[in-house]
Amino acid sequence: MSVLIYAENADGKFKKSTFEAVSYAKAIAAQNNTSLIAISIGDVAKDDLAALGKYGAEKVLNVSNDKLKNFLNQAYASVIAEAAKANGADVVVLSNSFSGRGLAPRLGVKLQAGVADGAVALPVQDGGKFTVKKTAFSGKAFAVVELTSVNKVIALTPNSYKVVESGAEAPVEDFTTEAKASDFKEMIKDILRSTDKVSLPDAEIVVSAGRGLKGPENWGMVEELADLLGAATACSKPVSDAGWRPHSEHVGQTGIAVSPNLYIAIGISGAIQHLAGISSSKVIVVINKDAEAPFFKVADYGIVGDAFEVLPKLIAAVKEYKASA
Amino acid sequence: MSKILVGISNVPDTTTKITFTDNNTQFNTNGVQFILNPYDEIALARAIELTDGGKGSVTVINVGEANTEATIRKALAIGATDAVRINAKAHDAWYVAYQIAEYAKANPFDLILTGRESIDYNGSKVAGMLGELLDIPSVSIIKKLDATETEATVEREIEGGKEVLTVPFPFVAGCAEGVAEPKIPNMRGIMGARTKPLNVVEPVEVETLSEIISYETPAPRGQVNLISADDTAKLVNLLHTEAKVI
Chain G
1 MSVLIYAENA DGKFKKSTFE AVSYAKAIAA QNNTSLIAIS IGDVAKDDLA ALGKYGAEKV
61 LNVSNDKLKN FLNQAYASVI AEAAKANGAD VVVLSNSFSG RGLAPRLGVK LQAGVADGAV
121 ALPVQDGGKF TVKKTAFSGK AFAVVELTSV NKVIALTPNS YKVVESGAEA PVEDFTTEAK
181 ASDFKEMIKD ILRSTDKVSL PDAEIVVSAG RGLKGPENWG MVEELADLLG AATACSKPVS
241 DAGWRPHSEH VGQTGIAVSP NLYIAIGISG AIQHLAGISS SKVIVVINKD AEAPFFKVAD
301 YGIVGDAFEV LPKLIAAVKE YKASA
Chain F
1 MSKILVGISN VPDTTTKITF TDNNTQFNTN GVQFILNPYD EIALARAIEL TDGGKGSVTV
61 INVGEANTEA TIRKALAIGA TDAVRINAKA HDAWYVAYQI AEYAKANPFD LILTGRESID
121 YNGSKVAGML GELLDIPSVS IIKKLDATET EATVEREIEG GKEVLTVPFP FVAGCAEGVA
181 EPKIPNMRGI MGARTKPLNV VEPVEVETLS EIISYETPAP RGQVNLISAD DTAKLVNLLH
241 TEAKVI
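Chains G and F are the protein sequences, given in the same order.
Take 1 as the starting number for the first sequence in UniProt numbering and just add one per residue.
Take 1 as the starting number for the second sequence in UniProt numbering and just add one per residue.
I should point out that these hints are in silico values taken from the structure, not numbers from a laboratory.
Ideal Cβ placement from N, Cα and C applies to all residues, glycine included.
Treat the hints with care, since some could be wrong.
Beta-carbon label-pair distances, calculated as ranges [stated by the list, open to error]:
| # | chain 1 | residue 1 | chain 2 | residue 2 | range |
| --- | --- | --- | --- | --- | --- |
| 1 | G | A30 | F | S2 | 29 to 39 Å |
| 2 | G | S166 | F | D231 | 38 to 48 Å |
| 3 | G | S166 | F | D135 | 22 to 32 Å |
| 4 | F | D231 | G | K282 | 21 to 31 Å |
| 5 | G | D306 | F | T217 | 27 to 37 Å |
| 6 | F | R188 | G | G127 | 54 to 64 Å |
With a straight-line cut-off of 25 Å between C-alpha atoms, the simulated DSS-like cross-links for lysine-lysine are [said to hold, decoys possible]:
| # | chain 1 | residue 1 | chain 2 | residue 2 |
| --- | --- | --- | --- | --- |
| 7 | F | K244 | G | K319 |
| 8 | G | K15 | F | K162 |
| 9 | G | K185 | F | K144 |
| 10 | F | K234 | G | K297 |
| 11 | G | K197 | F | K244 |
| 12 | F | K17 | G | K282 |
| 13 | G | K297 | G | K15 |
| 14 | G | K313 | F | K234 |
| 15 | G | K69 | G | K214 |
| 16 | G | K189 | G | K162 |
| 17 | F | K183 | F | K143 |
| 18 | G | K16 | F | K162 |
| 19 | F | K162 | G | K185 |
| 20 | G | K189 | F | K162 |
| 21 | G | K69 | F | K162 |
| 22 | G | K185 | F | K143 |
| 23 | G | K162 | F | K183 |
| 24 | F | K105 | G | K185 |
| 25 | F | K143 | G | K197 |
| 26 | G | K15 | G | K197 |
From the structure, some residues in chain G lie toward chain F, with a derived Cβ separation under 8 Å [to be verified]:
| # | residue |
| --- | --- |
| 27 | Q74 |
| 28 | F175 |
| 29 | G302 |
| 30 | I303 |
One chain only, chain G, in its complex shape (with noise of 0.2 Å):
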């Protein structure tokens, strides 16, 4: 028995999401007594490799293969359930990141495991019982559930596990594999990512925006905010279906779900749908001409202003925190 951790990166760096992934993964190695296993697929430096140590890996396999240097869902599902095979291992961790997402279903069904996406918390493991709390009612719940099967997958939400340094450096260990070739048919013809913008899902500050900006040619002072704070910037519904802001901003219940430590609402209402998609945040601020508006309900701290008054102020009072800082 073992826990694999499944190490994602992104352009050959592991992210803050992924650290999570390896703590998350090492507790409940502890808990079943059982040592952990990372794997890494793709271009990563040794010593990032290493490092994975510190967090609780005992032994890290790196698969470095020119056909496997960026994501494919079909053949990194059968890497990651080979590895886990010939480890022994019968818990299988990854973030629940976009491409985690497609990657727990996948090997799900090939290591005949129930799958806990989205998990929030450690499992509990009880009387042999083994459920885990996972975002249910896109955020508006919780449901624990109990993965019967002796093979498990979870999937961790960014931001909901404390990064625990435990450990020192891990020995890294090449994996070899002929993934077959019925696992190549997509073809990657671009990848387009914005490197100098702080992902939403990932993001510790998340700065969002509604109707309330009353149109796109104000979302200046917004990204202002964001970039002053190394925020995320994200929308509400309305916004994105005007096209103000791109649908990959659109956070609320048909959106993404964040669960950042810092949700800042300017000019946003705070309708049931809204609501759900960020009731996870550790803090909530809430700034809104209308005193009334639900948003203050759950907010932790508030502001009762027009956003095109608020905002400059608020933009300079966080300069001079950082200047000062």
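Based on these hints, arrange chain F on the given structure of chain G.
Okay, now just chain F, sitting in the frame of chain G:
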């Protein structure tokens, strides 16, 4: 492309306030309006566009009991050619994917579309599981899908960007906003839906791999701390010293 299968689910309306009964073990469906999962509407709309003008057919498939038929009829009214209901409670994603895969093995399709996730249990698992069960590619979460005779070009969401892929048919894709605009059924569609075929198929037996034990609602937040619009410095200070988030 001739045949498209669209997996659909019956979910609580987005405005639903979620509550539970029986010591938080059952979702309280009392007074809840059920709808076609919004992402599935996008998948269905794109399937209809791709087969428009007699280029093919769109079959919608749902794993559910008789109470999901209103939602299935809505999909037919929107423009699906026919529908299949696997007569069973949608136990978990594995159970649903297995049932649909069995159907698709017996009735092959060129393309299988689902929504990126259902808005109730937020599993985004059925598409990937179907791909694995049928040993064909699965792509999620897609924001764009264009097709030629033999392959499709899709845009997939990735952290901080997007990826463009070509995928040969058959494959499975989980659709999100951007793939198509949901279609509103017209009167002709609604009338026609009544007579379109809705085949009820009994499920095959399969072991389940997960079980929902209970539910929890998010912890209520305390009273909001209202700060004067003229004192943004105080807010920044509180975020630093009290909330410790900046």
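Status of the hints after comparison with the structure:
no.: 1; hint: G:A30 / F:S2: 29 to 39 Å; verdict: violated, 53 Å
no.: 2; hint: G:S166 / F:D231: 38 to 48 Å; verdict: holds, 42 Å
no.: 3; hint: G:S166 / F:D135: 22 to 32 Å; verdict: violated, 40 Å
no.: 4; hint: F:D231 / G:K282: 21 to 31 Å; verdict: holds, 23 Å
no.: 5; hint: G:D306 / F:T217: 27 to 37 Å; verdict: holds, 33 Å
no.: 6; hint: F:R188 / G:G127: 54 to 64 Å; verdict: holds, 58 Å
no.: 7; hint: F:K244 / G:K319; verdict: holds, 17 Å
no.: 8; hint: G:K15 / F:K162; verdict: holds, 17 Å
no.: 9; hint: G:K185 / F:K144; verdict: holds, 18 Å
no.: 10; hint: F:K234 / G:K297; verdict: holds, 20 Å
no.: 11; hint: G:K197 / F:K244; verdict: holds, 23 Å
no.: 12; hint: F:K17 / G:K282; verdict: holds, 21 Å
no.: 13; hint: G:K297 / G:K15; verdict: violated, 34 Å
no.: 14; hint: G:K313 / F:K234; verdict: holds, 11 Å
no.: 15; hint: G:K69 / G:K214; verdict: violated, 44 Å
no.: 16; hint: G:K189 / G:K162; verdict: violated, 36 Å
no.: 17; hint: F:K183 / F:K143; verdict: holds, 17 Å
no.: 18; hint: G:K16 / F:K162; verdict: holds, 20 Å
no.: 19; hint: F:K162 / G:K185; verdict: holds, 19 Å
no.: 20; hint: G:K189 / F:K162; verdict: holds, 11 Å
no.: 21; hint: G:K69 / F:K162; verdict: holds, 17 Å
no.: 22; hint: G:K185 / F:K143; verdict: holds, 20 Å
no.: 23; hint: G:K162 / F:K183; verdict: violated, 43 Å
no.: 24; hint: F:K105 / G:K185; verdict: holds, 19 Å
no.: 25; hint: F:K143 / G:K197; verdict: holds, 20 Å
no.: 26; hint: G:K15 / G:K197; verdict: holds, 14 Å
no.: 27; hint: Q74; verdict: holds, 5 Å
no.: 28; hint: F175; verdict: violated, 21 Å
no.: 29; hint: G302; verdict: holds, 5 Å
no.: 30; hint: I303; verdict: holds, 5 Å
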